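Sequence order for the protein chains is A and B. Sequential numbering from 3 applies to the first sequence in this note's numbering. Sequential numbering from 20 applies to the second sequence in this note's numbering.
Calculated from the structure, these hints are not laboratory results. Since the model is a prediction, treat every value here as computed from it, not as a measurement. Among the hints, erroneous ones may be present.
[Unchecked claim] The list that follows gives simulated cross-link-like pairs (lysine-lysine, DSS-like), each with its CA atoms no further than 30 angstroms apart: (1) A:K180 / A:K88; (2) B:K23 / A:K161; (3) A:K88 / A:K60; (4) B:K138 / A:K180; (5) A:K60 / A:K24; (6) A:K157 / B:K23.
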Amino acid sequence: MEQPEREWLAQYRQGDVEALGKLVEEFRRPLFGFILRMTEGRGDADEIFQDVWLRVIKNQDRYTHKSFKSWLFRIAQNLIIDRARKQKPVVDLQAGAKDEDENVFETRLEDKGLSAVTLIDAKQLGRKILDAVRTLPEEQRAVFLMRTEADLPFKEIAKVQGTSINTALARMQYAMAKLRTALQMEYQELQGTSP
Amino acid sequence: MKTKPVQELLLLAQTGELDEAQRARLETMLAEDKEARTYRDDLDRIFNGVRSTPMEQDVNPFVLKRIESQARAHTEGGRQGARRGGEVRMIQMWRPAIASAVAAVLLLFFGMTFIRQQKAETAQAPPVPATSAEVEMLAWDVGLDADIEDLNEILAMAGDGIEGMDDLVNELIRLEGLSI
Numbered sequence: 003m004e005q006p007e008r009e010w011l012a013q014y015r016q017g018d019v020e021a022l023g024k025l026v027e028e029f030r031r032p033l034f035g036f037i038l039r040m041t042e043g044r045g046d047a048d049e050i051f052q053d054v055w056l057r058v059i060k061n062q063d064r065y066t067h068k069s070f071k072s073w074l075f076r077i078a079q080n081l082i083i084d085r086a087r088k089q090k091p092v093v094d095l096q097a098g099a100k101d102e103d104e105n106v107f108e109t110r111l112e113d114k115g116l117s118a119v120t121l122i123d124a125k126q127l128g129r130k131i132l133d134a135v136r137t138l139p140e141e142q143r144a145v146f147l148m149r150t151e152a153d154l155p156f157k158e159i160a161k162v163q164g165t166s167i168n169t170a171l172a173r174m175q176y177a178m179a180k181l182r183t184a185l186q187m188e189y190q191e192l193q194g195t196s197p
Numbered sequence: 020m021k022t023k024p025v026q027e028l029l030l031l032a033q034t035g036e037l038d039e040a041q042r043a044r045l046e047t048m049l050a051e052d053k054e055a056r057t058y059r060d061d062l063d064r065i066f067n068g069v070r071s072t073p074m075e076q077d078v079n080p081f082v083l084k085r086i087e088s089q090a091r092a093h094t095e096g097g098r099q100g101a102r103r104g105g106e107v108r109m110i111q112m113w114r115p116a117i118a119s120a121v122a123a124v125l126l127l128f129f130g131m132t133f134i135r136q137q138k139a140e141t142a143q144a145p146p147v148p149a150t151s152a153e154v155e156m157l158a159w160d161v162g163l164d165a166d167i168e169d170l171n172e173i174l175a176m177a178g179d180g181i182e183g184m185d186d187l188v189n190e191l192i193r194l195e196g197l198s199i
């Protein structure tokens with residue numbers, strides 16, 4: 003287990019509520035990002051985020067995992083699956099119709115002219131990738147987001163999903179293949195519309 | 020490009036899950052294979068693209084407040100519960116001893132009260148007048164006492180002046196007013 007997390011959890015067990023606040027803050031972005039992108043269109047990301055931490059609080063004494071992060075994401079994934087089973091799927095009519103001019107991607111891109119990914123407008127790439135991620139089957143999407151949002155290694159992802167490391171790797175490879183294909187199509191569209 | 024092995028190695032390289040031999044193999048593949056390099060670059064860009072995209076929304080501040088209040092309540096509740104649990108365990112452990120002590124104290128209290136009541140009743144009770152039969156008995160007792168005194172005198176005299184059983188019998192007869 004990561005040292006600060008172990009320490010914070012131990013401090014919280016001794017009654018230091020602020021130590022739990024540090025834990026929540028440390029995982030706020032990766033955990034909420036994972037939940038939000040796994041539940042897009044459902045609108046219950048906040049509730050799931052809250053429930054994850056309530057379970058952590060409630061079950062802190064039962065916690066025996068080596069990695070706090072993988073325990074956290076396992077709880078999150080179970081809650082997402084449970085809620086998905088209970089809820090009827092809600093179609094997000096806004097999904098895929100986001101403002102194309104939305105400037106959300108500011109990363110550096112080197113244009114080597116080698117692949118479609120490289121050639122798509124840098125400003126749109128982040129949004130395009132996430133739109134494509136939304137179309138992935140749930141298990142592949144979970145693996146992809148656990149890698150990108152939480153930076154979990156495959157060994158831990160396999161534990162979270164209760165599967166083998168080879169299966170986790172295979173899911174990631176399928177996800178990558180679909181994303182590359184989607185971005186390739188995007189690139190072709192861009193080429194077709196360009197003067 | 021041997022697609023699957025290269026992709027697996029590239030994915031595992033990102034997370035630092037490769038051993039020395041696998042890393043060396045991957046280096047060779049990347050040096051020799053243009054497609055492998057393209058895959059690596061796409062992988063990096065896709066990861067960077069996702070990671071640098073801001074979230075559409077952040078956690079609701081009320082949710083964070085609720086988590087904090089639950090954390091606080093759980094900690095305080097846990098402490099109080101543990102304290103209560105300890106008290107209950109202590110009481111259960113000492114229950115037989117406490118019950119025995121309480122019973123002993125009650126017994127002592129009632130015993131003392133009873134004895135005090137008895138004493139008070141005895142002290143307050145008026146003297147009982149003697150009946151005629153009892154007066155008779157007392158008179159008889161006085162007569163008997165006088166006889167016993169006489170006998171003692173006789174026995175004392177027997178040690179001095181009276182000799183033999185005949186004298187003693189005669190003296191007894193005299194005292195009783197009988198003649199043989």
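The hints, checked one at a time:
Annotation: proposed proximity of K180 of chain A to K88 of chain A holds, straight-line Cα distance about 28 angstroms (limit 30 angstroms). For the proposed pair K23 of chain B and K161 of chain A, the alpha carbon gap of about 22 angstroms is at most 30 angstroms, so the pair holds. Restraint check for K88 of chain A and K60 of chain A: satisfied, since their Cα atoms lie roughly 23 angstroms apart, inside the 30 angstroms limit. Distance restraint check for K138 of chain B and K180 of chain A: the Cα-Cα separation of roughly 105 angstroms exceeds the 30 angstroms cut-off, and the hinted pair is therefore not satisfied.
Between K60 of chain A and K24 of chain A the CA atoms are separated by roughly 17 angstroms; this keeps the pair inside 30 angstroms, and the hint holds. Of the supplied pair hints, the one linking K157 of chain A and K23 of chain B holds, its CA atoms being roughly 18 angstroms apart against a limit of 30 angstroms.
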